[in-house]
Amino acid sequence: MRKRLLILLTLVLIAVTVLAGCSNNSGGNAANDKNAPSGDSAKPTKLTLWTFNALHQTFYEAMATQWNETNPDKPITLEATTYPYDDMHNSLLVALQTGTGAPDLADIEISKFANYLKGDPQLAELNDVVEPELSNIVQSRVDIYAKDGKYYGIDFHIGAAVIYYNTELLDQAGVNVDDIKTWADFEEAGKKVLAATGKVMTTLETGDQWSFWPLISQRGSDFLDKDKKVILDNQANIDTLTYLQNLVKQKIAVGAPGGGHHAEEYYGFMNSGESASVFMPFWYMGRFLEYMPDLKGKIAIKPMPAWEEGGFRSAGMGGTGTVVTKQSKSIDLAKQFAAFSKLSAEGNIQIWKQLGFDPIRTDVWDSPELKEANKFSDYFGDNIFDTLNEIKDEINAVNVGELTPAASDVVKSQVMNRALVDLEDPAKVLKDAADSIK
Amino acid sequence: MNTKFAVDASTSIPRSSFWRSLPYSKKLAPYILVSPFIISFLIFFAYPVINTVIMSFQEILPGQVKYVGTENYENLTNRQFYRAMYNSAVYTVLTLLVLIPVPLIFAVLLNSKAMRFTNFFRSTLFIPALTSVVVAGTIFRLIFGELPGSLMNEFLSLFNVAPANFKQSAPLAMFIMVILATWRWIGINIIYFLSGLQNIPHELYESAEIDGANAMDKFLKITLPLLKPVTIYVLTISIYGGFAMFTESYMLFAGNNSPKDIGLTIVGYIYKSGIQKNELGFGSAIGITLLGIVLIINVIQLKFFGLFRKED
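Protein chains in written order, with this note's numbering: chain A, 1 to 438; chain B, 439 to 750.
Just so you know, these hints were derived from the structure itself, not from any lab.
From a predicted model like this one, the values you see are computed outputs, not experimental measurements.
Any given hint might turn out to be false.
To be verified - Under the rule of at most 30 Å between Cα atoms (straight-line distance), these lysine-lysine pairs were calculated in the DSS-like manner:
| id | chain 1 | residue 1 | chain 2 | residue 2 |
| --- | --- | --- | --- | --- |
| 1 | A | Lys329 | B | Lys504 |
| 2 | A | Lys329 | A | Lys181 |
| 3 | B | Lys715 | A | Lys249 |
| 4 | A | Lys226 | B | Lys715 |
| 5 | A | Lys150 | B | Lys464 |
From just these sequences and the hints, can you work out the full model?
Written as structure tokens, this is what we have:
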């Protein structure tokens with residue numbers, strides 16, 4: 001009797017396990033039903049999407065709802081998931097390598113992108129949706145995701161490098177931000193700030209690349225040249241690193257606490273008014289809102305100082321390419337949805353409204369929607385896009401190739417630290433770094 | 439005689455009773471009983487190891503797998519690999535120096551009758567082993583933050599020591615990793631030593647006392663020699679554990695990115711090359727090299743302690 005009961009229980013257990021496996025994520029579908037169209041016109045196609053930023057996920061879900069309103073004939077159910085940055089990139093790489101388990105769409109960050117273009121890219125080419133829009137967008141933002149003339153990714157934003165001044169500190173030192181035109185002016189202003197307030201003019205990332213890459217891009221240099229050869233140790237880069245090192249030697253700048261501008265320590269440091277400025281790409285705005293609430297109303301967004309009068313005052317930095325994988329069962333629909341989210345005018349307006357990024361379609365920058373008050377204009381004032389319009393033609397394209405991940409890695413782990421913390425000779429540091437990746 | 443009977447029975451009786459008699463067959467039952475282990479060993483250990491050896495001679499890209507000879511092994515002669523080897527070796531030696539004597543002494547104290555609240559100490563020393571390395575690593579990262587307000591710098595300021603930038607200097611970074619390992623593994627090693635201590639017959643101590651041995655003599659002449667098997671075991675797994683360390687450094691340096699690679703371990707380097715840079719062939723070559731190194735060290739150490747010698 002007892003034995004039979006045991007067998008019965010075991011059978012029930014097995015059945016439950018097996019059936020649970022068969023249910024095929026019906027729970028997940030139900031949760032996403034809000035994206036499904038209300039009419040019973042067509043059966044929605046399920047699209048899966050991986051991203052590494054919860055804000056991106058919210059954006060895509062909102063775009064899926066809009067898509068279903070405008071395209072009732074081909075509705076979609078979007079199943080978007082956010083994973084931690086490294087986990088997502090690694091899982092996607094493994095899924096593409098093994099040929100199974102990849103989503104229909106995914107976000108890939110620019111410094112990882114080259115990894116996915118090695119060998120035969122397992123990503124679908126997007127030429128048919130990108131090419132018709134090329135005249136409306138900043139072309140360099142799709143060129144960075146291209147290989148052999150095929151486009152594989154679409155960016156969210158320009159990533160224009162700008163400088164965020166703490167006007168309260170600069171006023172105390174008697175510095176007018178509009179007088180800072182070149183990096184030499186910046187150094188002079190830094191001396192005044194240091195003398196008047198005892199605070200530093202800026203912080204430099206010692207474990208990341210955003211204090212170096214935009215500056216060399218401004219003067220037409222890069223990690224790699226057009227032919228994707230390493231030029232990390234060229235004269236322009238040495239001069240730039242020497243300039244930064246001199247700022248540190250004069251105590252005008254310090255290494256960012258925590259090693260970078262995304263560290264908990266740094267947010268606290270900046271928020272308590274210890275530094276008069278920070279130069280980061282446009283997408284850094286969101287970090288001020290989220291982590292540095294005390295600086296509200298005190299931050300002015302300005303073009304970067306140029307290397308010489310009339311020189312370029314910005315650089316296109318960072319980026320996230322949305323891709324469609326070859327494993328997708330509905331590649332065409334996935335492409336259309338990606339284009340709708342990231343290439344269309346309404347998509348680009350939402351990118352600004354929801355994410356605070358500088359959209360890649362320049363024709364929407366003057367549209368009334370971008371002038372509407374939102375959480376970003378509350379924090380930084382109303383003229384955010386005036387700054388952006390000023391610099392939109394002063395952005396060099398960056399060269400992204402197979403060696404970009406390695407170059408970026410060596411800059412983050414070796415170059416910045418050795419030059420700005422150990423104060424080693426910049427020429428030697430860059431030479432070592434370039435040799436190690438060639 | 440029984441064997442013979444069983445074999446005869448299984449051959450002559452029809453099929454249904456063959457299955458019934460199977461568990462009682464002295465020839466087959468042992469194989470059946472160990473088969474789960476053998477199968478899981480073959481699938482989850484032998485197959486990956488063999489495949490890794492093959493992959494270490496390949497360049498693996500989606501759709502383009504090709505043999506590259508020993509190129510992956512030739513590429514190992516680079517600064518990052520040496521740095522990772524150096525870090526892992528130093529870390530292993532330091533953890534051995536701390537994690538064998540200290541738990542041994544603690545175990546002796548906890549085993550002694552003179553000690554009070556032993557159960558309380560046993561459990562508190564063991565609790566860190568139950569925490570997740572991810573959580574512990576994150577908390578240690580914050581404790582050893584570089585701002586003057588971080589816990590450790592606040593503590594140092596009580597003694598008028600200037601705030602230290604823990605994660606920028608190689609010796610301090612190594613110090614944090616060893617502290618984290620000590621905090622986390624001390625309880626486990628205490629358990630090993632305690633179980634060894636409880637196997638030492640009490641009579642030995644009594645007769646030694648009669649012969650006039652003091653506490654120190656008893657510790658050096660009885661406890662230590664009789665704990666040798668446990669010590670060898672702890673040493674072996676600690677060497678392996680030291681070289682296999684990854685999560686701690688990954689968490690302390692928020693994603694495997696330590697300045698000048700001061701926190702890069704050999705497994706961290708495998709992860710960096712194989713997964714983060716999509717060079718699975720090169721990653722496999724590092725893995726095989728690591729396997730070789732750990733194997734050689736362990737064999738030398740076991741031979742040195744006479745584990746392969748026949749017991750008298």
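We went through each hint and held it up to the structure:
Taking the CA atoms of lysine 329(A) and lysine 504(B), the gap is about 29 Å. The hint holds against a cut of 30 Å. Note on lysine 329(A) and lysine 181(A): the hinted pairing is violated, with a Cα-Cα distance of about 53 Å set against a maximum of 30 Å. Annotation: proposed proximity of lysine 715(B) to lysine 249(A) is violated, straight-line Cα distance about 35 Å (limit 30 Å). Pair hint lysine 226(A) plus lysine 715(B) holds up; C-alpha atoms about 22 Å apart against a cutoff of 30 Å.
At most 30 Å may separate the alpha-carbon atoms for a hinted pair to count; lysine 150(A) and lysine 464(B) exceed this at roughly 67 Å.
Consistency with the previously given hints fails for numbers 2, 3 and 5, ordered from lowest to highest.
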